[in-house]
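> All chains should be built: construct the whole structure from the sequences, respecting the hints.
Residues in the sequence shown are numbered consecutively from 1, following the UniProt record's numbering.
I should point out that these hints are in silico values taken from the structure, not numbers from a laboratory. On a predicted model such as this, the values are computed, not experimentally measured, just so you know. Please note that a few of the clues may not be correct.
[What the hints assert, rightly or not] Simulated pairs of lysine-lysine, DSS-like, Cα-Cα distance not exceeding 30 angstroms:
(1) LYS189 / LYS248
(2) LYS86 / LYS66
(3) LYS73 / LYS133
(4) LYS73 / LYS237
(5) LYS16 / LYS32
(6) LYS32 / LYS248
(7) LYS248 / LYS133
(8) LYS248 / LYS172
(9) LYS213 / LYS243
(10) LYS189 / LYS243
(11) LYS133 / LYS189
(12) LYS148 / LYS126
(13) LYS172 / LYS237
(14) LYS213 / LYS248
(15) LYS172 / LYS73
(16) LYS86 / LYS32
[Unchecked claim] Distance windows between CB atoms, simulated:
(17) THR20 / THR137: 44 to 50 angstroms
(18) SER240 / HIS210: 20 to 26 angstroms
(19) VAL89 / THR144: 15 to 21 angstroms
(20) THR68 / GLY140: 41 to 47 angstroms
(21) GLU143 / LYS86: 37 to 43 angstroms
(22) LEU69 / GLN138: 38 to 44 angstroms
(23) LYS86 / SER122: 17 to 23 angstroms
(24) GLN27 / ASN142: 49 to 55 angstroms
(25) HIS210 / SER22: 48 to 54 angstroms
(26) SER49 / SER22: 21 to 27 angstroms
(27) LYS86 / ASN9: 19 to 25 angstroms
(28) ASN170 / GLY51: 30 to 36 angstroms
(29) ASN9 / VAL89: 30 to 36 angstroms
Note that the Cβ used here is the ideal one computed from N, Cα and C, for glycine as well.
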Amino acid sequence: MDKDVTSGNPIISTDKLCKTFSYGGVQQHILKNLDIEIYEGDFTVIMGSSGAGKSTLLYALSGMDKPTLGTIKFNQSVISDLSNDKLAVFRRLNCGFVFQQIYLMDNMSILDNILISGLLISSDRKAIAERAKDLLTQVGLNETIWNKFPSQLSGGEAQRAAIVRALVNNPKVIFADEPTGALNSGAGKATLDVLTEVNNRGQSIIMVTHDIKSARRGNRILYMRDGSIQGVCDLGKYVSGDKNRQDKLHSFLNEMGW
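See the structure below:
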């Protein structure tokens, strides 16, 4: 697929990106010669059926997994040939992660879960604590729950705390893999509202989802099939209740064979 053109500066780009796994001696081509540009400030959504390669692509773009062939650039610097140790540093400095499974540490308070992430890149505990508390307040988690353990929170509250953990180090990109997949509709909407709000403040987000309601929050949809990008839909910034946006996304997904 040719690289498409849109406004903004590409923060991530790939050139002939491939990922191959071997199962029982048989080569499985999960990503096939992908040329993609992800733009700064965008809320990019990756969609497609199960097995299309969505999560594999997300992990490659974030440096969590290395491609078999091809190049990945982050702010014009090649990251695909970095050592595992250098990739770990890269992720710590540039990436925030939000997953379907929340992965908060059960034996630590919500605040300490966030602090320990911030202390990976800074020893200024006071500054990190102030930022963590400010972010927690912004996502609607007041101080009455900061010292609670994850098991004492609802699923939606825990996921919002996980988003704060992802934001505390000022990442250039948040990578989200099915962040509402394990939540009920109310908690899922609250999580999407937080992601939308931080995107409106300029945060770049790349999100994998099967859910159309979640996908509507993106301004740019990449549709995958069999390891390739089959189509791109530009929706513009999210506006609640925009029926034209909903119709455009449904039309695009129907065209893609969703």
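> Now tell me if each hint is right for this structure.
Evaluated hints:
{"no.": "1", "hint": "LYS189 / LYS248", "in the structure": "holds (21 angstroms)"}
{"no.": "2", "hint": "LYS86 / LYS66", "in the structure": "holds (12 angstroms)"}
{"no.": "3", "hint": "LYS73 / LYS133", "in the structure": "violated (33 angstroms)"}
{"no.": "4", "hint": "LYS73 / LYS237", "in the structure": "holds (25 angstroms)"}
{"no.": "5", "hint": "LYS16 / LYS32", "in the structure": "holds (7 angstroms)"}
{"no.": "6", "hint": "LYS32 / LYS248", "in the structure": "holds (27 angstroms)"}
{"no.": "7", "hint": "LYS248 / LYS133", "in the structure": "violated (39 angstroms)"}
{"no.": "8", "hint": "LYS248 / LYS172", "in the structure": "holds (29 angstroms)"}
{"no.": "9", "hint": "LYS213 / LYS243", "in the structure": "holds (12 angstroms)"}
{"no.": "10", "hint": "LYS189 / LYS243", "in the structure": "holds (17 angstroms)"}
{"no.": "11", "hint": "LYS133 / LYS189", "in the structure": "holds (22 angstroms)"}
{"no.": "12", "hint": "LYS148 / LYS126", "in the structure": "holds (20 angstroms)"}
{"no.": "13", "hint": "LYS172 / LYS237", "in the structure": "holds (19 angstroms)"}
{"no.": "14", "hint": "LYS213 / LYS248", "in the structure": "holds (13 angstroms)"}
{"no.": "15", "hint": "LYS172 / LYS73", "in the structure": "holds (14 angstroms)"}
{"no.": "16", "hint": "LYS86 / LYS32", "in the structure": "holds (25 angstroms)"}
{"no.": "17", "hint": "THR20 / THR137: 44 to 50 angstroms", "in the structure": "holds (46 angstroms)"}
{"no.": "18", "hint": "SER240 / HIS210: 20 to 26 angstroms", "in the structure": "holds (21 angstroms)"}
{"no.": "19", "hint": "VAL89 / THR144: 15 to 21 angstroms", "in the structure": "violated (36 angstroms)"}
{"no.": "20", "hint": "THR68 / GLY140: 41 to 47 angstroms", "in the structure": "holds (42 angstroms)"}
{"no.": "21", "hint": "GLU143 / LYS86: 37 to 43 angstroms", "in the structure": "holds (38 angstroms)"}
{"no.": "22", "hint": "LEU69 / GLN138: 38 to 44 angstroms", "in the structure": "holds (41 angstroms)"}
{"no.": "23", "hint": "LYS86 / SER122: 17 to 23 angstroms", "in the structure": "holds (19 angstroms)"}
{"no.": "24", "hint": "GLN27 / ASN142: 49 to 55 angstroms", "in the structure": "holds (52 angstroms)"}
{"no.": "25", "hint": "HIS210 / SER22: 48 to 54 angstroms", "in the structure": "violated (27 angstroms)"}
{"no.": "26", "hint": "SER49 / SER22: 21 to 27 angstroms", "in the structure": "holds (23 angstroms)"}
{"no.": "27", "hint": "LYS86 / ASN9: 19 to 25 angstroms", "in the structure": "holds (24 angstroms)"}
{"no.": "28", "hint": "ASN170 / GLY51: 30 to 36 angstroms", "in the structure": "holds (35 angstroms)"}
{"no.": "29", "hint": "ASN9 / VAL89: 30 to 36 angstroms", "in the structure": "violated (23 angstroms)"}
Consistency with the previously given hints fails for numbers 3, 7, 19, 25 and 29, ordered from lowest to highest.
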